[in-house]
Structures are given as C-alpha cells and as structure tokens.
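Visitor: Going down the list, the protein sequences come from chains A and B. Mapping of the first sequence onto our numbering: position 110 corresponds to residue 110, and the numbering continues sequentially without gaps. Convert by adding 265 to the 1-based position in the second sequence; the result is the number in our numbering.
Take these hints with a grain of salt, some might be off.
[Said to hold, decoys possible] Computed beta-carbon distance windows for the label pairs: (1) A:Pro-219 / B:Thr-411: 17 to 25 Å; (2) B:Leu-306 / A:Glu-62: 47 to 55 Å; (3) B:Lys-425 / A:Gln-228: 56 to 64 Å; (4) B:Thr-411 / A:Asp-115: 31 to 39 Å; (5) A:Ser-215 / B:Phe-313: 51 to 59 Å; (6) B:Arg-332 / A:Asn-232: 28 to 36 Å.
Calculated directly from the structure, the hints in this document are not laboratory data. We put the CB at the ideal spot given by N, CA and C, even for glycine.
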Amino acid sequence: MPEDKKKQQFNYRTFIINRKSMAIAIGLFSAAAMLVVFAIVPQFQEALALNSEFKKEKPKLEKLQKKLVELDNIQFSPEFLQKELVDAALPSKKPLLELLTSLHTITEADNVSIDEFSLTPGLVATNEAEILADAKKRSNTDGVDIIDVEMTVSGGFADVGKFLIDLEKISPFTTITQLALSSSATGDDFNNQDRDMKAKIITKSYFFTQSISASVEAPLPAINALEQGVLNDLADFSNIDLPDQLEITGGGLEDLFGVDPLTFQ
Amino acid sequence: MAKSINFVGERRKKLTQAQKNDLKLMKISINVLVGVFAIFLIVIGSRFYFVYQVKNIKDTQADIRSRILSNEPIEKDYIIFANKLKKLSVFFGRRKDKQEALVFFSEVFGEDVIVSGIDFSSTDEDVVSFVIKAPNIFVMERVFNTLQEEKVISVYPNIKKSGMRRSATGNYTVSLSVVLSDPITQTNTNIEK
C-alpha cells in the first residue's frame, strides 16, 4: 500500500529532467501572467489616471495663459486708461471734500448761489462709529454708500436750469432725487420767474464700498458696450483733482488752529 | 523467430514526442513573454510620458501663476475699475430713464406749463413724481387732456394724478406719478382720472 502511494506521487525531479522545456514553458507563462497582473495593469491604471489629470489641467493652463495675456494687454487698453475718470466718479473713499469743491465750482460757473446747505458727513472715528459702520457695510449689498445733500439754490431761471444739468455731471457721481422749484421774489408771475428762481434740491452722491475678491484662475471681467458708453459720458464730467492728504499737517499743542498768537501791547 | 517486445523503446518514443511538443510550447511561451514584456514597456513608457506631461503642465502653471501674482496690483486695480464701471452703468441707466421722463413732461404740455417739482426718491426705483404747474384752470385742463392723448399713453401708460391745488394767485399744481417701465411690455393703458 505505501509503495502504491509512492507511485502515484508526482515526481518533480523526473519531470524536470524529462520535460525540461515544459517546465520552462510553465515558468515563462507564469512570469508573463505575473507581469500582466503585477506590472502592466497597475502601470496602465496609473497612466490612465495621469492622462485624465493632464486633460483636467490643460484647460486650467489655457485659462491662466489667457489671463496672463489679458493682464499684459490691459495696461494699454483705452478703457483702463480712463481709470482716473471712473475713480473720480465713484471714489473708494468718502468724497466729502471733492463733492464740496465740485459744488462750489459749478455754483461759481453757473452764477447761482446756495442759500441753505446741509449734509451728513458721517460718524467720527469712535469705537461705536466703527461698529455701526461695520454693521452698515454688512447690510449694504449694493457695494456703494451715499452722501445725502440738501440745499436751496437761487438764481435766474436759465442759471438754475444749467446748475441742475451741471449738478449731474460732477464727480463724485451725484444724482438729484428731489427737486422743488419756486419763484421767490415775484410770486407766481410767470413773466418774471427768470430773475428769482429757487430750487430746493436733495441729491445723492455715491462712493464705492464693495469688497472685491478674486482668485488666480478667475478670468478678468469684460467691459461691455454699455459700460464703454458710460466711459464716454464720464469724459464730460467735471473732475476735481484734490491732492491726497497723507499726513496730518499743522496741529500740535503750540499752534492748534494755525492762527497767529495774539499779542498785547 | 519470436517477436521481441521493447517496452522501454515505446516509452522513449512517447517521451521524445512529448519533448518535441514541450519545445514548441516553450517557444510559444517565450514569444508570449516577449509580447507581454513589450506591452509592459509600452505601458510604462506611456506612463512616463504622462508623468512628464503633467509635470510640465504643472510647472508651466506655476510659472504663469507667479507671473499673474507679480501683476496683482494691476489685476486688483482693473477688477475694482470694472466693478465701479458696472455700478456706474446701472446708475446711468436709472438716471437716463428719469431724465428722459423729465424732458418729455417739460415739453409735452407747452411753454406755459412748467415742471416745478421732481421726486426721484421713491422706494420703487421705477417711479418718478413730477409737480406740474399751470398758470390757470384752462391750461390745467389742457394738461389733463394731453395726458390722455396717444403720444403720452404710448410712452408712459401708467400715470397717476394726485394732489391738485390752486394757489392764491390762481396757479394750479398737480402731482404726476409716472411708472418708467418699458412701454412695450405694458399691456394695459391706465391713466387714472
């Protein structure tokens, strides 16, 4: 019985000696199979993943290249060269001095006088004002803030009319929201209204407060035909070129108001 | 003569035949392995190619990004400029509608009727109010008739009249609230009397 069992057992040694080629063939097939399973399939999957990554990155690269070209060209674009006009019309800070100066200029030019004038310049820099300003900024979804001005202007009918036209052509961008015309001296005599016209005006002047954020991949905003038309309109605006105040001038304990000290003899 | 039986020879014959088949099989296996190895080389080559391409594209991206970042002040200025321009175009659009309405109502009633008041401050941005002043009741009647004419209705179909007053000197004033919507989109003409 044990001898029969021994006969049935496969003799590797005899097989390798007699069927050497078969053994090599089995080894080579096994090597080929292992190469497929452990090398080709993972490498192929890796190559596919890299190919899809390449396809994904290529449009990004094209966008970036386009943006770079745009950035290079934009500095010389005729629209962007008018940046100062746009900044003057919609400044990024409260344009109180600019507004007052512009109003003064058109008042002089149109030969009218401002009898009453009131505006709310805003809060002074206290902690409370800062909190209120932050709350206002959060609630302000338009990206602009407004200076309201109320005034009464008097002058000839034509002069007041011209003033009203010029008022909407000053920088910062100002628009009349309420207007009431009356003749002050001669009552309702239509024939004499040219001499004594009074206009009670409420205006809104705008300034830019929007927070801007952009990513490197984000394309630059395009300027459409309507906005190019706005640039043409802005060319007619009267701009006031006030120098920026970058430091506190005057002040100090010795000469607080810049007034010569009084001398007594 | 007795026939001799060679058992070993028969077995050797079979073995030799099997060895010939094995040799064929071995040649086939060699070819298969060479083929598989060639495929492996192609696959690994394509993988290296894509690695190079991805690295190349990422390097280029990084280079362009750094160049874009070096232009950051220009980009910032331009984005602010474009956003301001967008805001201004909205403001100009609104104001143009109102100015057109003002010019229209200043001219449509004739020279003896003046627009003595304007109110653009309605919470509804498409509504503007005018105060029309006429020197006497006859001119004011003409104003009312003009408001019902086709030349007014076709441009401003929704006009609301209110607050008619007479001053001590006999002048008449009336307030007109005008909706500045696009006349084409209006389906009903509605002038309240």
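Visitor: If a hint holds in the structure, say so; if it does not, say that too.
Guide: Now for the hints, and whether the structure bears them out:
1. A:Pro-219 / B:Thr-411: 17 to 25 Å: For Thr-411 of chain B against Pro-219 of chain A, whose Cβ atoms are near 51 Å apart, the range 17 to 25 Å is violated.
2. B:Leu-306 / A:Glu-62: 47 to 55 Å: violated (32 Å)
3. B:Lys-425 / A:Gln-228: 56 to 64 Å: With a Cβ separation near 37 Å, Lys-425 of chain B and Gln-228 of chain A fall outside 56 to 64 Å, so the hint is violated.
4. B:Thr-411 / A:Asp-115: 31 to 39 Å: Holds - the Cβ-Cβ distance for Thr-411 of chain B and Asp-115 of chain A, about 34 Å, lies within 31 to 39 Å.
5. A:Ser-215 / B:Phe-313: 51 to 59 Å: Given about 32 Å between the Cβ atoms, the range is violated.
6. B:Arg-332 / A:Asn-232: 28 to 36 Å: holds (33 Å)
Violation of the numbered hints given earlier is confined to hints 1, 2, 3 and 5; the remaining hints are satisfied by the structure.
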